[in-house]
Every structure is written in C-alpha cells, then in structure tokens.
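In this text, residue positions in the sequence shown follow the numbering used here: the first is 4, and each later residue adds one.
Hint data in this document are derived by calculation from the structure and do not stem from the laboratory.
The C-beta atom is built at its ideal place from N, Cα and C for all residues, glycine as well.
Keep in mind that a hint or two might mislead.
Said to hold, decoys possible - Subject to a maximum C-alpha distance of 20 angstroms in a straight line, what follows is the list of computed EDC-like cross-link-like pairs (lysine to aspartate or glutamate):
hint: 1; residue 1: K198; residue 2: D93
hint: 2; residue 1: K294; residue 2: E266
hint: 3; residue 1: K78; residue 2: D117
hint: 4; residue 1: K91; residue 2: D103
hint: 5; residue 1: K154; residue 2: D73
hint: 6; residue 1: K294; residue 2: E343
hint: 7; residue 1: K198; residue 2: E362
hint: 8; residue 1: K307; residue 2: E291
hint: 9; residue 1: K132; residue 2: D117
hint: 10; residue 1: K358; residue 2: D214
hint: 11; residue 1: K240; residue 2: E176
hint: 12; residue 1: K178; residue 2: E80
hint: 13; residue 1: K331; residue 2: D235
hint: 14; residue 1: K257; residue 2: D235
hint: 15; residue 1: K260; residue 2: E324
hint: 16; residue 1: K178; residue 2: D103
hint: 17; residue 1: K160; residue 2: D73
hint: 18; residue 1: K193; residue 2: D103
hint: 19; residue 1: K294; residue 2: D315
hint: 20; residue 1: K198; residue 2: E176
hint: 21; residue 1: K270; residue 2: E324
hint: 22; residue 1: K257; residue 2: D214
hint: 23; residue 1: K308; residue 2: E320
hint: 24; residue 1: K91; residue 2: E176
hint: 25; residue 1: K160; residue 2: D93
hint: 26; residue 1: K154; residue 2: E71
Said to hold, decoys possible - Simulated restraints on C-beta separations:
hint: 27; residue 1: P133; residue 2: K331; range: 37 to 45 angstroms
hint: 28; residue 1: T118; residue 2: K91; range: 18 to 26 angstroms
hint: 29; residue 1: K334; residue 2: S238; range: 23 to 31 angstroms
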Amino acid sequence: MKIKIFLIAAGLLLNNITIKSQENNLSVHNVFLQSYDYINGMLTDSIPLSFKNAVFITEDAYYGESLETDTLNQKYEILLNLIENLSKSDLITYTGNDKDVIIKHAAIFKVLTDTILIPLDSTHYFIHKPYTYDFDDPLGQNDWSKMFMTKLLKTGKGNCHSLPYLYKILADEFKIPCNLAFAPNHIYIKLFSEKTGWYNTELTNGSFPIDAWIIASGYVTIDAIRNGLYMDTLSNKQAVANCLLDLALGYQHKYGKDNPDPEFVIKCCNTVLQFHPANANAILTKAEAQKHYIHSLMKERKLKKPDALFSDPAIKEMYVEMESLYIKLHKSGYRQMPEEMYMQWLDMLNKEPDKYTNERMKITK
Numbered sequence: 004m005k006i007k008i009f010l011i012a013a014g015l016l017l018n019n020i021t022i023k024s025q026e027n028n029l030s031v032h033n034v035f036l037q038s039y040d041y042i043n044g045m046l047t048d049s050i051p052l053s054f055k056n057a058v059f060i061t062e063d064a065y066y067g068e069s070l071e072t073d074t075l076n077q078k079y080e081i082l083l084n085l086i087e088n089l090s091k092s093d094l095i096t097y098t099g100n101d102k103d104v105i106i107k108h109a110a111i112f113k114v115l116t117d118t119i120l121i122p123l124d125s126t127h128y129f130i131h132k133p134y135t136y137d138f139d140d141p142l143g144q145n146d147w148s149k150m151f152m153t154k155l156l157k158t159g160k161g162n163c164h165s166l167p168y169l170y171k172i173l174a175d176e177f178k179i180p181c182n183l184a185f186a187p188n189h190i191y192i193k194l195f196s197e198k199t200g201w202y203n204t205e206l207t208n209g210s211f212p213i214d215a216w217i218i219a220s221g222y223v224t225i226d227a228i229r230n231g232l233y234m235d236t237l238s239n240k241q242a243v244a245n246c247l248l249d250l251a252l253g254y255q256h257k258y259g260k261d262n263p264d265p266e267f268v269i270k271c272c273n274t275v276l277q278f279h280p281a282n283a284n285a286i287l288t289k290a291e292a293q294k295h296y297i298h299s300l301m302k303e304r305k306l307k308k309p310d311a312l313f314s315d316p317a318i319k320e321m322y323v324e325m326e327s328l329y330i331k332l333h334k335s336g337y338r339q340m341p342e343e344m345y346m347q348w349l350d351m352l353n354k355e356p357d358k359y360t361n362e363r364m365k366i367t368k
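Using the sequences and the hints, build the whole thing.
Written as structure tokens, this is what we have:
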C-alpha cells in the first residue's frame, strides 16, 4: 500500500509524493513514523530539503492523511500570482543592490497583511483580504490544528506559528533568504537588507518591531539570548528540523501526553536537538514526555516516589536525563511564559507602536 502525502509542488500546485509501506493497513501511529522518516531523510541529505514539504507532511500526519488539497491549491496559486505581480509594480522605494530580494519580501508582506484590489474589468474587482490573527486558542492547547499553516490557508486566520511558516514557504518558493526566529511562545521572521541590516518582521499585526519589543516580554533573559534560545536565526535545516517538534506535539495531541510509549516524541526531539541544540521547546518537550511517562508508571503501580522504579536501569537513566534537561533549560535562561502574559505582550505593538516600531523600515509607499 502507498501513503499519499500531499505537498505543494515547487512554484505551482499541490502534487503528491508516495512513501512505500510493507504493511497493508497503516495506523495513524505508523503514518507519524513514516512522516518522521521522510523529514529525517531531508535532514540527512537523502531527500531534497524542503521546509514547505516538511510542514505539509507534518500536518497531513495529524489528519491521518486526509488533508484536502483542492482549496489549498487554489489559494496558494493566488498568493504566488499576487506576489509575482506586486513585485513588478512600484511597490516600495528602495535602491540597494539587493533591491529584487527586498521588493519580493515587500510583496509577500503586503499580500499577507493588506487588502489588495485586482481589477477584473472596468467595473469589477477581485478583493484579496489580509490574513488575520486568530485569538481563539492561539497556542493550540484545545485544538492543535489551530497551529497549522493549512488551516491558515483555508480560513484566512492564523497565529504566530502558521503565519511565519506561510511567509517562509512563500519566500522559499521565490528563492529569497528568509529566517525563522524564536521568542517565548512565539515565532517571527528575521530578514536582512544591505541598507537596514537585520530587521524583524511580525505577521500577527503586520509590523517591523525592534528587538526591544522581544525583550519587553519580560521572559527573555540575557542568558537566553546569549545561549541562542531566542532572537537567533534558524538555518533552513533547523527550520525543517523544527517540523519534527511539531510532529511530536501533534502526536501528543492525538494520543495524549500520558501515552504509555514516549519513544516517538523523544526520538523526534533528539533529532531536532541534533541539528539545533538550543531549541528550548524541543528540550522542554522531551523532558515533559519523560516526566509524564514516569508519572504514569508511578500511578499504574501506586507508587509515591519515582525511586521505586529505579530497579529498571532504563527508567533510572530516563529520570536522571529528565532532571538534567530541566536544569539545562533553567541555566540557559529559559522562563515559561503564561498565555495571558503572551497575549498582553503581543498587544504592546498595537498600544505602543511608536515605541517598538523599527523606524528604518518606513520605506513603503
């Protein structure tokens, strides 16, 4: 039997890639395993590296390979055409040697954050509406699909996970540099121009905030910055590796954190950390998976302390590693940010735009 995983083909529509399986009836669990193998193949250079494909494989695994592609095809092609046409217009005033790249980024930004009218004839227009922030369950705690880029394409609403993912996918499509970056509970875009240097692009409200906004969250310590937890750029390989963390989290939402076998989640996190050792969410997810597993064993055997499990060397080793991961996170400067504080932090850009907006980015007409 073949598992069909629907992917966006380079430049155009969704094609399908097939992954062979020796089993006749594959469970959802096995779909996750197959998805891991495919993304890991990208990381080990046996399969062409593609952030776009990694994202779709991850989300399709959660849906059990039932991802609808027709609507996604249409919406994605519209985005590509809009960006291409805007890139040829007098969109921004910029005269650097990297003008073509910056104009393409400006076009992507405008398509994602602004209303665009396209004349169809003398009296009719096609109206492209901007993507907006979905305030309902923004961290996907109740519905993990809220984090999905495919959900963003379908509904026009997304969050700090799906919006930067879509931006990077589009940038990769046009073969222009684009880096993801982390903040507490947050992903944003870091770009470079020869005139402004590095600058931040925030899709949740369509702005270009300075680094002070990231630090103003109150949960970004100097140690966290120094150790690369936050505000550092992810390479293309690290961005693809982070999709394995998404795969692990989707697996947990599908099966529950108390799933009796944490092996898959730990396996995903280990691979992420192999390519991105400072990935705080991968470190935390691995430690939490180990903790939940040990607690489930204690509950099953009616034990009050984990020491009683240490007759099994593997459990003792897991417990020791779990403790070391929590210690490593704390020493690296990681601090967990409550959802309420996260939403207040996002709102800072709306309430105090003059304080946190990058003045160097006022180059659009």
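Hinted pair K91 and D103, Cα distance within 20 angstroms: holds (10 angstroms)
Satisfaction of hint between E291 and K307, Cα-Cα up to 20 angstroms: holds (19 angstroms)
Pair hint outcome, K257 versus D235 [Cα-Cα no greater than 20 angstroms]: Judged against 20 angstroms, a Cα distance of about 31 angstroms means the pair is violated.
Hinted pair K294 and E343, Cα distance within 20 angstroms: violated (25 angstroms)
Proposed proximity, D235 with K331 (alpha carbon, max 20 angstroms): holds (18 angstroms)
Restraint status (C-alpha distance of K294 to D315 at most 20 angstroms): holds (16 angstroms)
Pair hint K308 and E320, alpha-carbon separation not exceeding 20 angstroms: It holds: about 16 angstroms lies between the C-alpha atoms, which stays within 20 angstroms.
Distance restraint between K78 and D117, which requires alpha-carbon spacing of 20 angstroms or less: holds (16 angstroms)
Pairwise hint evaluation, D73 against K160, where the allowed Cα distance is 20 angstroms at most: Holds - the C-alpha atoms of D73 and K160 are around 18 angstroms apart, at most 20 angstroms.
Proposed proximity, D103 with K193 (alpha carbon, max 20 angstroms): holds (17 angstroms)
Restraint status (C-alpha distance of K160 to D93 at most 20 angstroms): Outside the cut-off at roughly 28 angstroms; violated.
Holds or violated: K260 to E324, with C-alpha atoms at most 20 angstroms apart: holds (18 angstroms)
The structure is inconsistent with the numbered hints 6, 14, 20, 22 and 25, although it conforms to all the rest.
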